[in-house]
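In this text, residue positions in the sequence shown follow this note's numbering: the first is 2, and each later residue adds one.
No lab work stands behind these hints, which were simulated from the structure alone.
These figures come from a predicted structure and were not determined experimentally.
There may be inaccurate statements among the hints.
As the list claims (entries may be wrong) - No farther apart than 30 angstroms at their CA atoms in a straight line, the calculated lysine-lysine pairs in the DSSO-like style are these:
id : residue 1 : residue 2
1  : Lys136    : Lys165
2  : Lys93     : Lys136
3  : Lys84     : Lys143
4  : Lys84     : Lys165
5  : Lys93     : Lys165
6  : Lys93     : Lys143
7  : Lys136    : Lys84
8  : Lys165    : Lys143
Claimed, not checked - Label pairs and their in silico Cβ distance ranges:
id : residue 1 : residue 2 : range
9  : Asp40     : Ala140    : 55 to 63 angstroms
10 : Glu36     : Glu154    : 38 to 46 angstroms
11 : Asp155    : Asn111    : 26 to 34 angstroms
12 : Gly78     : Asp107    : 13 to 21 angstroms
13 : Lys165    : Gly104    : 13 to 21 angstroms
14 : Thr89     : Asn111    : 34 to 42 angstroms
15 : Thr122    : Asp44     : 16 to 24 angstroms
16 : Ser99     : Asp44     : 42 to 50 angstroms
17 : Val64     : Glu138    : 21 to 29 angstroms
18 : Thr101    : Asp44     : 35 to 43 angstroms
19 : Ala135    : Gly78     : 40 to 48 angstroms
Virtual Cβ for every residue (Gly too), placed ideally from N, Cα, C.
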Amino acid sequence: MKKLSAFALAGALTLSLPGLALAQDAGAQVKAGAENAADAVKDAAGNAMQAAGEAMKSAADAVVATTDDLAAKITAGSSADVKAVTETTNVKIVPLSSLTAGGAADAVNNAVTAHTDWMTTLRTDVAANAALNAKLEAAGYKADQVVYADAGEDGSVTIYVDDKTS
Numbered sequence: 002m003k004k005l006s007a008f009a010l011a012g013a014l015t016l017s018l019p020g021l022a023l024a025q026d027a028g029a030q031v032k033a034g035a036e037n038a039a040d041a042v043k044d045a046a047g048n049a050m051q052a053a054g055e056a057m058k059s060a061a062d063a064v065v066a067t068t069d070d071l072a073a074k075i076t077a078g079s080s081a082d083v084k085a086v087t088e089t090t091n092v093k094i095v096p097l098s099s100l101t102a103g104g105a106a107d108a109v110n111n112a113v114t115a116h117t118d119w120m121t122t123l124r125t126d127v128a129a130n131a132a133l134n135a136k137l138e139a140a141g142y143k144a145d146q147v148v149y150a151d152a153g154e155d156g157s158v159t160i161y162v163d164d165k166t167s
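Required output: the full structure, derived from the provided sequences and hints.
Here is the structure:
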């Protein structure tokens with residue numbers, strides 16, 4: 002009887018071993034699936050962050066077409082490094098009167114007034130740059146009329162001037 006019980010137990014164990022191996026394999030598959038899903042979520046989040054960053058950069062680098070666009074750039078508080086402008090730098094001077102009026106009539110004036118420290122630094126830097134100052138004067142403007150400087154990807158600089166003041 003003991004031999005029969007031992008054979009029965011051995012048979013039962015033999016039959017259950019493939020099931021244990023499958024169960025262990027299923028656990029590994031679930032773990033691998035969860036890791037793959039986590040990696041996919043992480044990749045998607047990374048891609049979304051990169052796209053958001055690129056969209057923000059594109060918005061910041063967008064062409065200034067209206068006075069509201071310019072006011073937003075002034076409010077952002079950063080400008081091209083006008084100290085780097087030389088005689089060979091391509092400088093475009095854009096008077097405010099050439100921009101399409103935005104929804105807020107005094108948007109640019111309000112932005113300039115709200116950021117006087119930053120504006121003073123910009124204008125001081127423009128006045129201190131002989132090459133840029135010469136280009137402004139040749140176009141009939143002065144450093145104290147500059148309200149924004151925008152850097153182009155090609156190294157050019159666009160200077161926005163308030164042509165209503167003198």
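Hints versus structure:
no., hint, in the structure
1, Lys136 / Lys165, "holds, 19 angstroms"
2, Lys93 / Lys136, "holds, 9 angstroms"
3, Lys84 / Lys143, "holds, 16 angstroms"
4, Lys84 / Lys165, "holds, 25 angstroms"
5, Lys93 / Lys165, "holds, 18 angstroms"
6, Lys93 / Lys143, "holds, 14 angstroms"
7, Lys136 / Lys84, "holds, 14 angstroms"
8, Lys165 / Lys143, "holds, 12 angstroms"
9, Asp40 / Ala140: 55 to 63 angstroms, "holds, 56 angstroms"
10, Glu36 / Glu154: 38 to 46 angstroms, "holds, 41 angstroms"
11, Asp155 / Asn111: 26 to 34 angstroms, "holds, 31 angstroms"
12, Gly78 / Asp107: 13 to 21 angstroms, "holds, 19 angstroms"
13, Lys165 / Gly104: 13 to 21 angstroms, "holds, 19 angstroms"
14, Thr89 / Asn111: 34 to 42 angstroms, "holds, 36 angstroms"
15, Thr122 / Asp44: 16 to 24 angstroms, "violated, 42 angstroms"
16, Ser99 / Asp44: 42 to 50 angstroms, "holds, 45 angstroms"
17, Val64 / Glu138: 21 to 29 angstroms, "holds, 26 angstroms"
18, Thr101 / Asp44: 35 to 43 angstroms, "holds, 41 angstroms"
19, Ala135 / Gly78: 40 to 48 angstroms, "violated, 27 angstroms"
Hint compliance for this structure: hints 15, 19 are not met, and every other hint is.
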